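Engineer: Using the sequences and the hints given, assemble the complete structure.
2 protein chains.
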Amino acid sequence: MARRRTEAVEGDVVVALVENRARPRGRPRLAIDPDAVADAVAELFAKGGSEAVSIVSVADKLEVSRATLYRTVPTKEDLIGILFERSTLELTNDAVAIMADGRDVRQRLHGLVALQVDAAVRMRQYMPVFFGGAGFAPEVFERWHSWSKEYEQLWAQCVEHAMEEEVLESANVVATTRLILGMCIWVSRWYRPNEDISTAEITQSAIKLLPSAS
Amino acid sequence: MARRRTEAVEGDVVVALVENRARPRGRPRLAIDPDAVADAVAELFAKGGSEAVSIVSVADKLEVSRATLYRTVPTKEDLIGILFERSTLELTNDAVAIMADGRDVRQRLHGLVALQVDAAVRMRQYMPVFFGGAGFAPEVFERWHSWSKEYEQLWAQCVEHAMEEEVLESANVVATTRLILGMCIWVSRWYRPNEDISTAEITQSAIKLLPSAS
Chain A
1 MARRRTEAVE GDVVVALVEN RARPRGRPRL AIDPDAVADA VAELFAKGGS EAVSIVSVAD
61 KLEVSRATLY RTVPTKEDLI GILFERSTLE LTNDAVAIMA DGRDVRQRLH GLVALQVDAA
121 VRMRQYMPVF FGGAGFAPEV FERWHSWSKE YEQLWAQCVE HAMEEEVLES ANVVATTRLI
181 LGMCIWVSRW YRPNEDISTA EITQSAIKLL PSAS
Chain B
1 MARRRTEAVE GDVVVALVEN RARPRGRPRL AIDPDAVADA VAELFAKGGS EAVSIVSVAD
61 KLEVSRATLY RTVPTKEDLI GILFERSTLE LTNDAVAIMA DGRDVRQRLH GLVALQVDAA
121 VRMRQYMPVF FGGAGFAPEV FERWHSWSKE YEQLWAQCVE HAMEEEVLES ANVVATTRLI
181 LGMCIWVSRW YRPNEDISTA EITQSAIKLL PSAS
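Read top to bottom, the protein sequences are chains A and B. Residue numbering for the first sequence follows full-length UniProt numbering, beginning at 1 and increasing consecutively. Residue numbering for the second sequence follows full-length UniProt numbering, beginning at 1 and increasing consecutively.
Calculated from the structure, these hints are not laboratory results. Since this is a predicted model, take the numbers as computed values, not measurements. All the pointers check out, no bait thrown in.
You can't tell identical chains apart in this list, so a pair holds if it fits in one copy or across any two.
Once the Cα atoms are required to be at most 30 Å apart in a straight line, the calculated BS3-like pairs of lysine-lysine come out as:
#1 Lys149 <-> Lys208
#2 Lys61 <-> Lys76
#3 Lys76 <-> Lys47
#4 Lys47 <-> Lys149
#5 Lys149 <-> Lys76
Structural biologist: The structure is reproduced here in structure tokens:
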């Protein structure tokens with residue numbers, strides 16, 4: 001089932017896999033679905049942290065041979081990278097879309113909160129790891145670090161604008177940004193599907209916490 | 001230097017160590033200062049998680065023999081328990097004091113936020129572990145779980161009262177409580193002493209985020 005890749009391109013495999021998600025219809029699929037890899041890594045990560053993620057454990061979960069997985073995703077860092085790329089790409093794309101549309105700053109701020117709470121619920125098994133930056137290999141950590149700065153910057157622009165428009169009270173922009181982000185990220189730690197507090201209810205409570213224009 | 005303890009009382013050693021902190025002057029000190037144990041455990045925990053905490057590593061850090069430490073604190077769970085007891089006791093005592101004094105509900109809410117941000121900064125190396133409940137032995141987890149519920153309940157009382165007095169907008173009390181707590185807890189993840197955002201500035205930004213009476 002594996003499509004043999006030459007050694008020369010193996011270093012770019014994570015990028016290739018991510019780009020492959022947008023491939024036009026009719027182009028051949030990769031042997032292993034990157035979304036399936038990301039799901040498997042997420043599940044293993046959630047249960048046993050970074051140590052639980054390996055070619056062996058992911059191959060077992062996907063029911064493919066280790067050799068097949070190895071040909072597509074040669075290292076553990078690449079495995080974690082696939083999950084990381086999927087999650088961060090999704091968050092960034094959604095946040096950029098919110099910031100780019102015609103809504104006013106209050107609606108944008110509320111949109112970012114809704115996005116982050118929703119992501120916290122869906123990605124709850126590994127989000128604290130991603131936002132905390134712990135448990136990464138140095139190479140992945142570097143990518144996390146620059147993504148994290150960029151993503152925070154996007155939020156900070158919205159927070160600063162909200163303060164200018166008196167939608168938020170004037171305060172330290174960086175601290176305020178991280179406080180709102182943290183409030184949303186921490187949802188991933190306490191959300192329980194069986195607890196009868198819905199994502200919509202959490203989002204609404206979060207938005208009500210933010211002061212209205214005074 | 002060790003004061004030999006009989007086997008019968010070793011099971012209560014954590015409690016004894018904690019209680020010992022309030023001993024009257026003139027009573028003999030335990031061989032090993034529980035605060036020093038807690039500091040050593042916190043440091044090891046921060047660097048290498050639960051796995052880094054052991055009789056050997058703590059004894060090394062305290063520069064006492066393993067036998068001496070072992071006689072006072074026989075298991076790894078007891079070591080982590082000492083840090084846990086110190087941190088939770090401190091938080092609960094401070095929160096109870098805020099709730100019991102004569103301040104109005106807005107001042108109480110702001111007091112709890114200030115307490116939690118300050119604790120997040122001071123305990124930043126291990127707070128996410130304590131509030132996330134990850135990395136504990138089952139016995140310690142049980143204690144964490146009941147403490148955590150009790151502490152949240154204290155906060156929830158204040159939040160509910162704040163909604164009744166229209167200091168906070170009406171919303172899901174549990175979700176709102178956890179959102180505010182999470183905003184403060186997450187400070188432990190991003191606070192950096194060299195970043196020039198002071199604890200006071202963070203607290204002020206957090207309080208400004210909460211809506212005033214409308």
